[in-house]
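K.L.:
Work the whole structure out from these sequences, hints included.
Listed here are the chains, written in short residue letters.
2 protein chains.
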Amino acid sequence: MSKLQEMVAALPAEPCCPALTERELTAEEAELTAAMFKALGDPVRLRLFSKVASHPDSEACVCDIADVGVSQPTVSHHLKKLKEAGLLASERRGTWVYYRVEPAVLAAMGRLLTPAPAKAA
Amino acid sequence: MSKLQEMVAALPAEPCCPALTERELTAEEAELTAAMFKALGDPVRLRLFSKVASHPDSEACVCDIADVGVSQPTVSHHLKKLKEAGLLASERRGTWVYYRVEPAVLAAMGRLLTPAPAKAA
DNA sequence: TGACAACATAGACGTATGTCGAAGCTTCAG
DNA sequence: CTGAAGCTTCGACATACGTCTATGTTGTCA
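These protein sequence lines map, in sequence, to chains A and B.
Counting in my numbering, the first sequence runs without a single skipped number right up to 132 at its last residue.
Counting in my numbering, the second sequence runs without a single skipped number right up to 132 at its last residue.
Simulated from the structure, these hints should not be mistaken for lab results.
Every value quoted in this text rests on a predicted model; they were computed, and no experiment measured them.
Cβ atoms here follow ideal geometry from the backbone N, Cα and C, with glycine treated the same way.
Hints should not be assumed to be uniformly reliable.
Under the rule of at most 16 Å between Cα atoms (straight-line distance), these lysine to aspartate or glutamate pairs were calculated in the EDC-like manner [as the list claims (entries may be wrong)]:
hint: 1; chain 1: B; residue 1: K49; chain 2: A; residue 2: E42
hint: 2; chain 1: A; residue 1: K62; chain 2: A; residue 2: E42
hint: 3; chain 1: B; residue 1: K62; chain 2: B; residue 2: D78
hint: 4; chain 1: B; residue 1: K49; chain 2: B; residue 2: E95
hint: 5; chain 1: A; residue 1: K62; chain 2: B; residue 2: E95
hint: 6; chain 1: A; residue 1: K62; chain 2: B; residue 2: E70
hint: 7; chain 1: A; residue 1: K91; chain 2: A; residue 2: E102
hint: 8; chain 1: A; residue 1: K62; chain 2: B; residue 2: E40
hint: 9; chain 1: A; residue 1: K91; chain 2: A; residue 2: E113
hint: 10; chain 1: B; residue 1: K91; chain 2: B; residue 2: E102
hint: 11; chain 1: B; residue 1: K62; chain 2: A; residue 2: D78
hint: 12; chain 1: B; residue 1: K91; chain 2: B; residue 2: E113
hint: 13; chain 1: B; residue 1: K94; chain 2: B; residue 2: E70
hint: 14; chain 1: A; residue 1: K92; chain 2: A; residue 2: E40
hint: 15; chain 1: B; residue 1: K49; chain 2: B; residue 2: E33
hint: 16; chain 1: A; residue 1: K62; chain 2: B; residue 2: E113
hint: 17; chain 1: B; residue 1: K62; chain 2: B; residue 2: E113
hint: 18; chain 1: A; residue 1: K49; chain 2: A; residue 2: E95
hint: 19; chain 1: A; residue 1: K62; chain 2: A; residue 2: E33
hint: 20; chain 1: B; residue 1: K62; chain 2: A; residue 2: E42
hint: 21; chain 1: B; residue 1: K62; chain 2: A; residue 2: E33
hint: 22; chain 1: A; residue 1: K92; chain 2: A; residue 2: E113
hint: 23; chain 1: A; residue 1: K94; chain 2: A; residue 2: E70
hint: 24; chain 1: A; residue 1: K49; chain 2: B; residue 2: E113
hint: 25; chain 1: A; residue 1: K62; chain 2: A; residue 2: E39
hint: 26; chain 1: B; residue 1: K62; chain 2: A; residue 2: E39
hint: 27; chain 1: B; residue 1: K92; chain 2: B; residue 2: E113
Taking beta-carbon pairs under 7 Å as the criterion, some of the chain A residues facing chain B (in silico) [to be verified]:
hint: 28; residue: K49
hint: 29; residue: P54
hint: 30; residue: L57
hint: 31; residue: S69
hint: 32; residue: C72
hint: 33; residue: K91
Computed footprint of chain A on chain B; a stretch qualifies when at least three of its residues, placed anywhere within it, have a C-beta under 8 Å from a C-beta of chain A [what the hints assert, rightly or not]:
hint: 34; stretch: 38 to 52
hint: 35; stretch: 61 to 73
hint: 36; stretch: 106 to 119
P.N.:
Below, the structure written as structure tokens:
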């Protein structure tokens, strides 16, 4: 189990962190959250994630998404990173390996980016 | 002007990209969007951004947020990165420099992370 | 003008990251 | 029991990144 996964497992509850606009993150929260953003901070990984996310049931075989312009080992490497960040889960079904997005994590990240409420003028 | 800022300026409209779950991103979209996630993918930058975002009017002087455990030049370096990614804007007011979050960009990123609609069972 | 405060830039350095080809592991068809 | 397909792991390499100290720049105030 990756270090990040341990951190995730040790978290109090599902909603990891408050919106970035609500209060400043603690160092620990920032460490955890930054790792998730970092995972999406590579063009190849972002495309892979988007390919999985936009598939039916948010799930896809590696063979369905591997066409992103890099070698197959590199694809595998990036999928591993996404998995370690908690964004994807994988499961082997016969010859193929399927990756699926973790909807709760996606929602949590979206919540982080909630814009600040408009100030009373 | 940074290369990224040029890319941003060349974009068609405000809402950069569809939700990641809607359709797969093109290589170009992924390049642009990954740069934004990457900017938030460092713990120090994420804390700086959060500090600015959680200040009144989503605006803060460097001196108000510089206490994140790294040297002053490093803070300046990270703020520059956030600015180049289009997440912050800066303005000098006398002796101090104020950084402000770009609300539209924050909202656009949040939209990217919209979870997929639940499939009909 | 000079001194100081607030930030930014420059240069250097160690580490992390993205990429590849080669080799290894699983599973299934024959 | 092969052999092949699908994926992962390994090892190597160039580049990018985060950090620091030293130095610039810009503005204020006496």
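K.L.:
Now tell me, hint by hint, if it's right for this structure.
P.N.:
Hints, one by one, checked against the model:
The hinted pair formed by K49 of chain B and E42 of chain A meets the criterion: a straight-line CA distance of about 14 Å does not exceed 16 Å. With a CA separation close to 27 Å, the supplied pair K62 of chain A and E42 of chain A exceeds the 16 Å bound. With a CA separation close to 10 Å, the supplied pair K62 of chain B and D78 of chain B stays within the 16 Å bound. Note on K49 of chain B and E95 of chain B: the hinted pairing holds, with a Cα-Cα distance of about 11 Å set against a maximum of 16 Å.
With a C-alpha separation of about 27 Å, the suggested pairing of K62 of chain A with E95 of chain B is violated against the 16 Å cut-off. Our distance criterion of 16 Å between C-alpha atoms is broken by K62 of chain A and E70 of chain B, whose separation comes to about 36 Å. Straight-line distance between C-alpha atoms of K91 of chain A and E102 of chain A comes to about 12 Å, which keeps the hinted pair within the 16 Å bound. Between K62 of chain A and E40 of chain B the alpha-carbon distance is near 13 Å, which keeps this suggested pair within the 16 Å criterion.
Between K91 of chain A and E113 of chain A the CA atoms are separated by roughly 14 Å; this keeps the pair inside 16 Å, and the hint holds. A distance of roughly 12 Å separates the Cα atoms of K91 of chain B and E102 of chain B; the hinted pair therefore holds under the 16 Å criterion. For a cut-off of 16 Å, the pair hint linking K62 of chain B to D78 of chain A is broken: about 39 Å separates their Cα positions. With a C-alpha separation of about 14 Å, the suggested pair K91 of chain B and E113 of chain B falls inside the 16 Å cut-off, and the hint holds.
For a cut-off of 16 Å, the pair hint linking K94 of chain B to E70 of chain B stands: about 13 Å separates their Cα positions. For the hint pairing K92 of chain A with E40 of chain A, the CA-to-CA distance comes to about 19 Å; that exceeds 16 Å, so the pair is violated. The suggested pairing of K49 of chain B with E33 of chain B is violated, with an alpha-carbon distance near 21 Å, which exceeds 16 Å. The suggested pairing of K62 of chain A with E113 of chain B is violated, with an alpha-carbon distance near 28 Å, which exceeds 16 Å.
Distance check on the hinted pair: K62 of chain B and E113 of chain B sit about 14 Å apart at the alpha-carbon level, within 16 Å; holds. Proposed proximity of K49 of chain A and E95 of chain A is supported: the alpha carbons are some 11 Å apart, at most 16 Å. Simply put, K62 of chain A and E33 of chain A have alpha-carbon atoms about 32 Å apart, too far for the 16 Å limit, and the pair is violated. A distance of roughly 15 Å separates the Cα atoms of K62 of chain B and E42 of chain A; the hinted pair therefore holds under the 16 Å criterion.
Distance restraint check for K62 of chain B and E33 of chain A: the Cα-Cα separation of roughly 9 Å lies within the 16 Å cut-off, and the hinted pair is therefore satisfied. Under the criterion of a C-alpha separation no larger than 16 Å, the hint pairing K92 of chain A with E113 of chain A is consistent with the structure, at around 14 Å. With a C-alpha separation of about 13 Å, the suggested pair K94 of chain A and E70 of chain A falls inside the 16 Å cut-off, and the hint holds. With a C-alpha separation of about 20 Å, the suggested pair K49 of chain A and E113 of chain B falls outside the 16 Å cut-off, and the hint is violated.
As the CA atoms of K62 of chain A and E39 of chain A are separated by approximately 31 Å, the hinted pair breaks the 16 Å bound. For the suggested pair K62 of chain B and E39 of chain A, the alpha carbons sit about 14 Å apart, so the restraint of at most 16 Å is met. For the proposed pair K92 of chain B and E113 of chain B, the alpha carbon gap of about 14 Å is at most 16 Å, so the pair holds. Satisfaction of the interface hint for K49 of chain A is found here, the shortest Cβ-Cβ separation to chain B being roughly 3 Å, below the 7 Å cut-off.
Residue-level restraint check for P54 of chain A holds (minimum Cβ-Cβ distance to chain B is 4 Å; threshold 7 Å). A cut of 7 Å between beta carbons decides the hint on L57 of chain A: the least distance to chain B is about 5 Å, and the hint holds. Evaluation of the S69 of chain A hint against chain B yields a held restraint, the C-beta minimum of about 5 Å falling below 7 Å. Interface hint status for C72 of chain A: violated, as the beta-carbon distance to the closest one in chain B is roughly 14 Å, over 7 Å.
Interface restraint check for K91 of chain A: the shortest CB-CB distance to chain B comes to about 17 Å, outside 7 Å, so the restraint is violated. Under the rule that three or more residues need a Cβ within less than 8 Å of chain A, the assignment of the stretch 38 to 52 of chain B holds, with 11 such residues. By the rule of at least three residues with a Cβ nearer than 8 Å to a Cβ of chain A, the coverage given for the stretch 61 to 73 of chain B holds, with 7 such residues. Three residues within the 8 Å Cβ limit are the bar, and the stretch 106 to 119 of chain B against chain A gives 4, so the coverage statement holds.
Hints 2, 5, 6, 11, 14, 15, 16, 19, 24, 25, 32 and 33, counting from the list given before, are not met by this structure.
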